[in-house]
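Using the sequences and the hints, build the whole thing.
Going line by line, the protein sequences match chains A and B. In terms of the numbering used here, the first sequence opens at residue 9 and continues consecutively. In terms of the numbering used here, the second sequence opens at residue 27 and continues consecutively.
Simulated from the structure, these hints should not be mistaken for lab results. Backbone N, C-alpha and C define an ideal beta-carbon position, used for all residues, glycine too. Honestly, I wouldn't trust all of these hints.
Restraint-style ranges between C-beta atoms, simulated for each label pair [what the hints assert, rightly or not]:
#1 B:E430 with A:P216: 45 to 53 Å
#2 B:D125 with A:K287: 51 to 59 Å
#3 A:E322 with B:G556: 31 to 39 Å
#4 A:K287 with B:G915: 15 to 23 Å
#5 B:N889 with A:V61: 35 to 43 Å
#6 A:Q250 with B:A573: 54 to 62 Å
#7 A:R469 with B:R82: 56 to 64 Å
#8 B:L911 with A:K287: 31 to 39 Å
#9 A:S360 with B:S569: 48 to 56 Å
EDC-like cross-link-like pairs, simulated, lysine to aspartate or glutamate; straight-line CA separation at most 20 Å [said to hold, decoys possible]:
#10 B:K380 with A:D187
#11 A:K287 with B:E958
#12 B:K97 with A:D468
#13 A:K111 with B:E958
Computed footprint of chain B on chain A; a stretch qualifies when at least three of its residues, placed anywhere within it, have a C-beta under 8 Å from a C-beta of chain B [unchecked claim]:
#14 81-93
#15 238-247
#16 254-262
#17 289-297
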Amino acid sequence: MSMDPQLHYAIQRRRFLQQTGLGFGGLALQGMLAGEGRGAEAWTPPSGSPEKVPAAKSVIWLFMRGGVSHMESFDMKPALNHYAGKTISETPYAYVQESERLKRVRVVVVNDANGQQRNTIYPLQVGSRPYGESGIEVSDWFPHTGSCIDDIAVIRSMWTTDDNHGAQVQFHSGRHMLDPRTPTIGAWVDYGLGSLNENLPQFISMGPRFFDRSDGHYLGPAHDAVQLKIDPKNPLDFARPQGDMTAAEQRLGFGLVGRLNHLAAGQYPDDPALEARIKSYELGFRMQASVPDIVDFDKESEATRTLYGFDRKETRPFGQQLLAARRFVEKGVRFIQIMHGGGAAGAWDQHSKLKEKHSELSLQVDRPIAGLVKDLKQRGLLDQTLVVFATEFGRTPGSQGADGRDHHPYGFSVWMAGGGIKGGVVEGATDELGFHAVENPHYVTDIHATILHQLGLRPDRMFIPGYKRLEMDFGTVIDGIL
Amino acid sequence: MEAIKPIFAERCYACHGALKQKAGLRLDTAANLLAGSKDQVVVRPGQVEGSALLARVTSEDPDERMPPEGKALEPGTIEALRAWIAAGAPVPEKERAEDDPAAHWAFQPIELPPVPGPGHPLDAFLDVQRKVAGTIVQAAAPRSIQLRRVYLDLIGLPPTRDQLHDDRPWEQIVDELLARPEYGERWARHWMDIWRYSDWYGLGKQLRYSQKHIWHWRDWIVESLNEDKGYDRMIAEMLAGDELAPADPDVVRATGFLARNYYLFNRTTWLDNTIEHTGKAFVGLTFNCAKCHDHKYDAISQQEYYQLRAIFEPHQVRLDPVPGETDLEKAGLPRVFDDHLDAVTRLHIRGDEKNPDTGLVIEPGVPAILAHFAPPIKAIDLPYQAYAPGARVEVQEAYVRLAEKKLEARAEALAEAEMEHTEVLKKIDEAVKPSAGMFLLEEAFDQRNTNRWEMTGEGWVFEGGALHQQVVARDRAKLRSREQHPRDFDLTCRYTHTGGATYKSISFRFDASEDGQRAHTVYTSAHAPGPKLQVAHVIQGTSAYPASGRVKHPIRVGETYTLRFAVRDRLLNAWLNDVFLLAYRLPGRMPGCIELSAFDATAAFDHLEIRSLPEAVELTEPKGGDAPPGDTQTGIAVAQAECAEAQAELDSVRAVIAADRARYGGEGQADKLAHAASRAQAEWVVAKAETAFVRAHPDKRQAAEKVLAGAKAKRDQLDADAQSYTSFRASVKALETPAHKPSDYPPVYPVTSTGRRSAFAGWITSRENPLTARVAVNHVWMRHFGEPLVDSVFDFGRRAKKPLQAELLDFLAASFMASGWRFKDLHRLILTSEAYRLGSSNRDADAATLSLDRENRTYWRMNSRRMESQVIRDSLLHLAGTLDLQQGGPPLDPKQGGSRRSLYFRQSRDTKSAFLETFDNANILQCYRRSESIVPQQALAMANSKIALDQAAVIAARIRGSDLIGEAFETLLARPPSTAERAACSDDLDELDKIQGDAALLRARLVHVLINHNDFVTIR
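What follows is the structure, encoded as structure tokens:
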């Protein structure tokens, strides 16, 4: 789709002004843009606040890199035990592999060893039991998450189109690896919503990333997540002087920079860049104090720290990130994106040793996640905080090698909690084998649409002129869980 | 009707407007609409029922409904349409139809417009629009600000204080800056943005995007700009340097522009990028919009998109050798060439590569709307240096040098081995004499005994009367006897396997040399699948585990064993818990020491005894089988074989060179020499097999013998007229898919090139092309004025409105072409205008001007800009006097920092400089215009980064005068401080002085503050 030249300049300016958080009356930009007819409704920039009363204020986005086996987490499939060892074509569900049903997948790496059909049914490697009043069945790898199930809406009918790890990019942006890179959901939230806290960035990322390390893309680098580390000494790049400078000296320095810039404004009146720079120095100065404070957990009680799993080495790293996330939510940060599992392919990628590795990985995340949900709830924050648990794709019902499962984009599970989402409900379903999403199937952007909707934004307004978005990019709000 | 029109424009005009009239229907005016399609009337005034238009937009049938793509029209729109029809379909007055697509301003020929007034032509053109708008220009900026501006614009480095006081004529300074080598670097970075420069990246070692050594293309950009090569020639070299000057690597390296788009996994994605960014960069057309369907705004059909693809269809990427280096990992030249001359291009239906239109063969071509000046495509014969890179003289020389070096080294190794053998024989003579007297070493491991043992590595603990090794490792922590053991000895040790990871071995080395290069070992391993006792050898640093030295035996963790082994000369016997397990002949003996260790295991050594082996003790001989040869004899044999192999290699290299020279260069009898080369290569294969055979472990000897026999047979069966030799694989083609490997491709490439890319370049650089020069001068203008004349710098298609200064654009474009497309002339033209030297402040602006044109559309003042990230870093280093101005070469690791200019940092998806990224570094995927964000992270980077703090101190140390504040302002901001600024600084320095009184530090802090001043990173 072509760039819209009439608007290009204006967009650049508008973005610039928005990034700087300046109101700007002199520029008849609004009118200029509104004058460009874009169909029934003229494009207008987001106002920086929700368009309607929002159900949620913040999002905590937990993403399991690789693919979590849906049949062994939140979509248990006893049929796999029943047909174990048989090929799919020997079951009554042979039709799931009809080529017409598989055609949606787009292959990046032709003849790759990954993303293949695996035909011999592999039995479930873990047991399960029902949890809560809702009685939703959850695998024994996620007992703590299970204990929160009445606050969770499980979506069992996800599908995507990348059969390899580009699916990680796809889940965040809605676009396949072979398409151009486009803004991620966090970037759209950052773009659409204003700040609730003047001392902190609005979009924060923790944990490993791989194929796509930026978020803003055509929205600009100002909408990239600010990458943080759980290290009070150095939580973000350039957070403290990389040299010998005391806090007192630094305060003086920032003070003088501010005074001189104000004086320069006399030389250069009505210079939005200069005004923005003054503000950016003020915010920068405050950020370097407030960010380390967030990841300093000394102020949290022992009980809280234990709730997040600080007491075990397996759960501590993820638990620290989740506790930091809660603290950011309390301060009004809009979108906290936490990726779990290192490596290029992501740790959740059990082409072999599924039982062993999924046990280890679920152990790392299960208790911290349940701790987060419970902690948010006890503090009355869950209502306004949307927690999302997602992954790239599911895993094949058939076995890969002796003890693994391959990538499976046709049907898989994610869940959402808080922020106005109904608890203890199940949305959609896969077939008996867990192969296809058959009931209320949802593409990944339906999750995005639901998030935007809960934040009080209109998904269909999330575009800027010159960059075509397809219907599929906007997604559809999942009404069933609201 | 007016309410509906914008919707029609958005949803319908692409097919029913000026661009296209599907079914003969146009909807761009009410009159056209009422005229209907070629078959029917679609709207009858007043008759809502039966309107074909309404029927189509409201149809439930997806095949019927209009518009066919996207959602249906909104109910409100349909209602408005219905109301309009009901109202009698009134035709608004003065309705204007959509313009003819070919009449678009940017598609009109570029003609030099007459200059509309006296003075500098740029000012004359700008004055026309200023007069229309009623705006009055600002005064010129102070000269020092002008100088800072022009220095930063042309060389990317601020002037020094001396240079700020340069009072030579402006033109002379501009000329001097244009002649500086730093000019090429500054402007190369701009074009690297536009041309998407990226170093290679992928997954681990797998290259997926771009190419190794792509920096040759970067150096070509820098050098081309410095020598003021015409832009037309630059484009031609980038698109088709391999066809224009096939034997000249200095030209061919320009094709890095195309090689950068290489993508391992998907050829369509690769070519899509090539087409899209060739269009956007050079002609400002969004070809990419026509991949799935006809372009919605420009007259570019989907078929024409695939015609453009056909231009690039034959080309592939390869790494050619550079003089003096045969290892392409270390050095090489990435370039393109036409490989698949007959590759067929198909239109992908709806852009789906899985669904090609097999009924239609797409021929190469350019969009018809601008095709009248396209040159014909002519195939190009290539010189052999291009298609047979292995036959280039400098490559041949490199191969000979390499083979000669190898032979030399191996001859030396042989001499050494022979000498060593003589030495060893002497020593063995001494060692083989059974030692006089009794040797006895008894060790209870109660405590450390440093006289007796040397202990290395971690994990050793004496405890409970045993020596424990508690750390599981494979690093050979060891206990080594200080004294050598006798040749014939009897060793008994009681020890416990206490644990471990995989191999769980406990080892007893003897004959162990100090350097670890030689030893024999007896060990027990509790490795679960195959516990055993094993005799092993380290010979010249290489370990061998012969099958004849292995006995399967249950060894368990937690159990205590008594191992005994006795050695007489080369005969070894071993017992475990008093059970005889093994008789074995050692390959050779050397004097050495005893070493105890645990490998991948923990152990507890309880008791050890080593004594001379009495002659009376009888040892058992192993059954059957030759003893392995002595190691130094093996060494000589191996060295001899390797020497012979190197000689055979050199012979074959020379024979191949002679054959290639005959085949490609016409020197000598081609047939005869080709046969000789084939034979020499076969001999080399035999020699390689000989070496492998000699080196083979006894267990693998049989297999090696077979390979050798096969090689000999092949050589002997070589036909008298065989010419099957292989030229050097001096060049490596980039893999077409990950399933391939480099050796799947022939080492010699096609002898012709299709000429498609040359013709395409000829079309782009034709003086008749209305776009190329306009797009280029717009880019240059933007980088001098902060704003472009045409806002959409990569789209000059129909959606780009005619710019306010269209005449000026044409004047610049025509002048640019007339000067031979020389950028330096264009800079000179722009920079000598008054407009370029205007002040950038609004302060003393005429009130009317301010209200009429606050946006500065008429250039009544200069626009301020933020420095690009590279300029910020380079300026800091330059003002500190620490910038290293060395030019060119392989990219540098940004993590290492250093003091070279920033454009030399490696930049890819995976490697980025954190500092540069913070200030909107170029996006490697698309960057026609840098973003200029202002975010708090930038404040932190300038305030806290090492580079800012360090350089501040160095800059401060260079300010020597008494007026610190004044000189610091001048150095960093190119202007004196105001009284108020001076006072603020002075107050602050006093405050700081109270905290700490170091004078040098105070100066550094003031400079640091000014580095953080808005006007440091701003080009005023």
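Hints versus structure:
no., hint, result
1, B:E430 with A:P216: 45 to 53 Å, "holds, 49 Å"
2, B:D125 with A:K287: 51 to 59 Å, "violated, 44 Å"
3, A:E322 with B:G556: 31 to 39 Å, "holds, 33 Å"
4, A:K287 with B:G915: 15 to 23 Å, "violated, 41 Å"
5, B:N889 with A:V61: 35 to 43 Å, "holds, 42 Å"
6, A:Q250 with B:A573: 54 to 62 Å, "holds, 59 Å"
7, A:R469 with B:R82: 56 to 64 Å, "violated, 28 Å"
8, B:L911 with A:K287: 31 to 39 Å, "holds, 37 Å"
9, A:S360 with B:S569: 48 to 56 Å, "violated, 30 Å"
10, B:K380 with A:D187, "holds, 15 Å"
11, A:K287 with B:E958, "holds, 15 Å"
12, B:K97 with A:D468, "holds, 12 Å"
13, A:K111 with B:E958, "violated, 43 Å"
14, 81-93, "violated (count 0)"
15, 238-247, "holds (count 4)"
16, 254-262, "holds (count 7)"
17, 289-297, "holds (count 6)"
When the structure is compared with the earlier hints, violations turn up for hints 2, 4, 7, 9, 13, 14 and for no others.
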